[in-house]
Structure formats: C-alpha cells, structure tokens
Amino acid sequence: MISMLHNKNSTLAYRKNIEQHTTLHMAAKYGSVEAARELMKQCPNTVEMVDLCGRNAFHISIINNKLRVLKLLLEYELPEEILNKHDNDGNTPLHHAAKLHQGPILWLLLNDLRINSYMINNEGHTPWDDQILIEPMTRDLSDAIDKGDMLSLVNFLAYYPERVYSVTPIRGHTSLHLAASKGDDWFVHHVLLYTNRNVGFITSKNSDGDTPLHLAVRAGHLEVVHHLMRYLAWAREIEPNLKLKEPLITPGRKGNTLLHEAVIHGRHLVAGSLLNSCKEIKLTAAGEFIKEYPECADFSSIYDVFLIIRNDDGDTALHLAVKAGNSVFVDMLIKCAKVMNLELTTRYAEGPITIANKLGNTPLHDAVLQRKSDVALKLLEANPSCAHMLNAAMQSPFYIAVRDSLTYVVKKIADQGLYVALMSTHGTVLHQSVLGNNIRALEILLDRYEELVELTDLLGNNALHYAAQHNNARIVSILLNKYSNLAYKQNDEKHTPLHTAAYYGSAEAAKELLKQFPDAIEMVDNTRQSALHIAARNDKVDVLELLLKYVLPEEIVNQQDRDGNTPLHHAAKLLNRQSTMLLLNDRRVKPWLLNQDEDTAFALSCRAGIFEMNVDEVNSATAIFLLYKIPFLVQHEFF
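In UniProt numbering, the protein residues as written are 1 to 639.
Quick caveat, the hints were computed from the structure, so don't treat them as lab data.
Be aware that one or more of the hints could be misleading.
The calculated lysine-lysine pairs, modelled on DSS-like cross-linking and capped at a C-alpha distance of 30 Å, are [said to hold, decoys possible]: (1) 29 - 99; (2) 358 - 378; (3) 147 - 205; (4) 378 - 335; (5) 182 - 147; (6) 358 - 254; (7) 411 - 338; (8) 254 - 338; (9) 279 - 335; (10) 338 - 412; (11) 511 - 489; (12) 182 - 279; (13) 494 - 515; (14) 323 - 412; (15) 358 - 205; (16) 323 - 279; (17) 205 - 182; (18) 182 - 71; (19) 335 - 412; (20) 378 - 323; (21) 573 - 590; (22) 358 - 279; (23) 573 - 494.
Label-pair distances were calculated between CB atoms; the ranges are [as the list claims (entries may be wrong)]: (24) 359 - 155: 51 to 57 Å; (25) 528 - 443: 36 to 42 Å; (26) 150 - 408: 54 to 60 Å.
Please read all numbers here as calculations on a predicted model, not as lab measurements.
Think of the CB as a built atom: it goes at the ideal place given N, C-alpha and C, for glycine as much as any other residue.
With the hints as extra help, turn the sequences into a complete structure.
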C-alpha cells in the first residue's frame, strides 16, 4: 500500500498532519515495521523531518516503546546528527529512553557506536544524569562480582548483555560500581567490554551520588583507577568532542571530587596518580562546567581545577588535608600549587592556599584552629600573606594562633613583618595574647607591632583593660612597663583599666595598677563614678578594701557621681552588706551626704535593714562611733 501510494504521489511521504507528523512518524508511533521499511526505502530523507516538538522518527519510536521500529531505523547508515538529534527540550532519543527506563531500548542504543550518551539537554543533564538503568540487578550478577567468580560473570553477560547496566535495589550500584569497589581489575575490564565505549557508564552515580571511580579511589584500588583512567583516555581519542561532565572532577557524595576522596581516606598513591594523569587533560563541556563552577572560567586544564575545586562545605583538597593533619598530602598539594597555570586568572593568583571555604576559612585558618602548628608553618612558608586573611568571624590565622597560644606560629608570622589585621570582633591579636595568658606571644607582639598597643576592641577596651578584667597582674606589669599611659586610657564608657578591675573584682591587677599609678583612682567614667563607686556597687570587697588603703583624700572617698551618690550610697541601695560596713567603718566616709533624691547613705542603710541584718557586727562600739560621726541624726527619725 505504501509503495502504491508513493508511486501515485511521491510527495505524500513528506506531508505533515496537524502535529507536524510525517507518515514515518506515524509508522514509528504505531510500530508499523513494514511501513517504516518501505518509507525508508523510497524516501530515506524523511527520517530527518521533525514534528512540532522537534522530534524525528527515532524520538517517536522510543517514546512509544516501539523496539522493532527502532531496530529497523538503526540498520540504516544514518549520520550521528540524526541519531543524537535534540528536540525542543534538548533531549536526544537516548534521553527519552533513560527518562522512561526502557531497558532493551537503552541497551540497543548504548551499543551503537553512533550514539553519544554525553549530549546535554536544556536542563544541563546528560542521559546518565537521568539515572540510566535497565532493571534491578539480579542476585546472580551481584554474587558473581562479589565472590570474584569470573566464569559466572562471563556466562551471565553472554546470555544477558543488557543487564550490565542494571543496578542494585538499595544502593543503586551498577556492575561497574561493584567491580570497582572490590578492586578486581579483570572484572572491571570484562564489564567495560559490554558497555561499548559508553564513558557515561563510568560517570553514572549510585544512590549516594558516587561514580565507580569514586568507589575505587575511596578503597585505594590503584590498578582499577588506572584502568578506568586509561579507558577514559581511549574514549577521548576516538571521540575527541565528548560532551560530558569531566569524570575526574565530577562531584560525588557531599560534593567531593576524586582528589577530595583520596585525601579523606589517606590514599597518597592514588592522589599522586590522579594529579599526574590529569596534567594534560583539557576541560570538556566547558560551557556547562563553567555554568556550574564560574570560578573556574579562566582555567583550561583539569590539573588546575583539581586543586581549587570545592566540595559542599567549600573545602578544597588542601583544606581536607590540613584538617586531617596529613603532612604528606599537605606537602604534595603545596608543591602542586606552585606549578599551577595561573597566568589566565587573577582570582586564584595564589592558588589553593588562599581559597576560603563557606566559613571563610583558608587552609591556614583550619591548621591553627586544629592546633596543627607543623602544618601551619608549612603553609606560611609557601604563602606568608595568608596569615592575615579574615574569615567570616573577622578572625585571621594570626589572631587565632595568638589566642590559642601557638607560639611558634606567632613568631613565624611576626618575623615575616607583614601587615596585621587590626580589628576583630574580640579585639586585636594583642588582646588575644592577654586572654590566652600567652606571655611569649605578648612579648613578640609588643616587640614587632607597637601600633597594636593602643588599639581597642569594639567597646573601646585596650589590652590593659583585658588584663585587668582577667586579674593578670603579670601582664598588667608588662604592659605598664612598656607603655605607662595605658593606665589612663578609657573605653567607650570612660572606664579606665582600674574601673574594669574594680568591676570584676580583680584585686591583684588593681594592686599592680595602684602600685604604679595610684592617681588613676581619681579618674571617673561618663557617670562621674570612680573605681570606688564601681567596687562598692558590685560588692567587690577585696578591691574596695585595697582602694581605701591607697586613697587618702576624703574628697575621693566621698566623691559624688552624676546623681549625687557616693560609694556608700550605692553599697546601701543594693544591699551590699560587706561593702556598706567596710565604708561605714572608715573614718573618712561621710554617711550624711545627700544625693539628688535627698537621701543620705545612712538613711538608705537603715531603710534597707543593713543594721538589722548584721546585729553581731553593729555592736555598741560601732553605734557610739556612728553617733559621734553624725550627732545631728539623733534628732531625726533614724534613731
């Protein structure tokens, strides 16, 4: 019938219906093998025609699962462009077969040398990204690989060659995943024989997102890694324009590349082999790769990308090597970084040593955070400038090293004499040396960086404020001997270091401050309170007693703040019993002074019940003393 109609009107084969389907489209849709054969015989170029969706007869036969028509079409010597034709969504016939999980059709296509399984659709996916699979793997195949039974494997694949693409039910392992993880190079070879140069099989991922190469690297199976790498090289020679995500930098579990995996699992030989083998490999599918990793836009070699590409945490292989404290890997990667081709990019002009992860940490940050001084020293030798790079917390490696008392690292950085990041959320490196009680680091910093001495944290506190807060008399002495004017420096609340010592009850620090600069007691804050007010208000009895010993004039002991309160007013108001009694027993204290509320400190003490609470302390002698000091109170309600 087809022949008769064609002889009558040859143009009928090229006419389209409302869906733009030709007669060949219809034959493919309904599985009409004989009609398709006649059409291909008389009008072979109709196979090039597409419908409204941009699909040719190959697409239609696959979408409708017409295996016999597809086999017929594949018998013709058609150009690769037709067999790998993109429809309007960018999908090739193989994409559709993968999406629909059509096992026999997939096997038929994958074993045709003209089929390119690396074509990318509009979503940026290859057919392998759509999880090509035939059917769940049978126990016979998985057992043969697991037990190393070569004869069973060969016999099974001879009978069921299409099942080489099947996967295990739970983990999603292909036969190549299993063979690679077992480390049997001979098994890997036989499995690859049945894939017919489908490099996508090597990059197919299991349920965890790992390729067979990832599993081989993780297990340290160097021969299998070499075999798969040679296979990739061979495929590139045959098909130089392969369009697939580069297998060597394809991310697996947690975004880790093969190099990440080698570092994580301590596979030194595998890592060295990977780095050596990728030096001459050029990036393929560059457009798609750069879309996913825009930071690599200027790189042309896999070798360079290998060193700077980051996983889901933003870590490069060097970050992971540093975190593990693996000096062998650190040495290897630093050496590799020195020979990177960095002429084309400015962003990574220093290589992986300065790359930050998602926390803003460079490898040097990680080294000092992990207290791995030996690794930190190697990184500093390779690139001194990274010592002062700030992370997301605004902390430099230098800052962290000082804070954590890594003295050798501190000295190494200081000896390099580079610019120091002056501010962090917790002050400067000098502040951190005080907090960490790191005397050696403090001395190094004072010797190398004089500019740090008067710098403050975000609240205006200098290093002496910190020493006073932590009651570190030795550091107070060192700082005052080096820079005496620090004793008079005030923070944002106008607190001197002596105010700070009084607030925290740091008696030893206060003693050192008063020993060298007793007049610091006269300084007041922005509420006109002296250190005496602060100590009394916070019931820091030891400091209060010390201050009273160093203070001679009554004017200072009875100094009134902005609200007219003396130190005794504050102690009485806040029911600070010990401070109140200490002040009342000082002959210089005047408890009759009025504040702005016209209250005397003595009246406040009485109303607060200070004396009732301390009957044992307020003896007859004390009472006589109080009456002697304030005779006018006898006539009032207080007695």
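What are the numbers of the hints the structure violates, in ascending order?
-> 18
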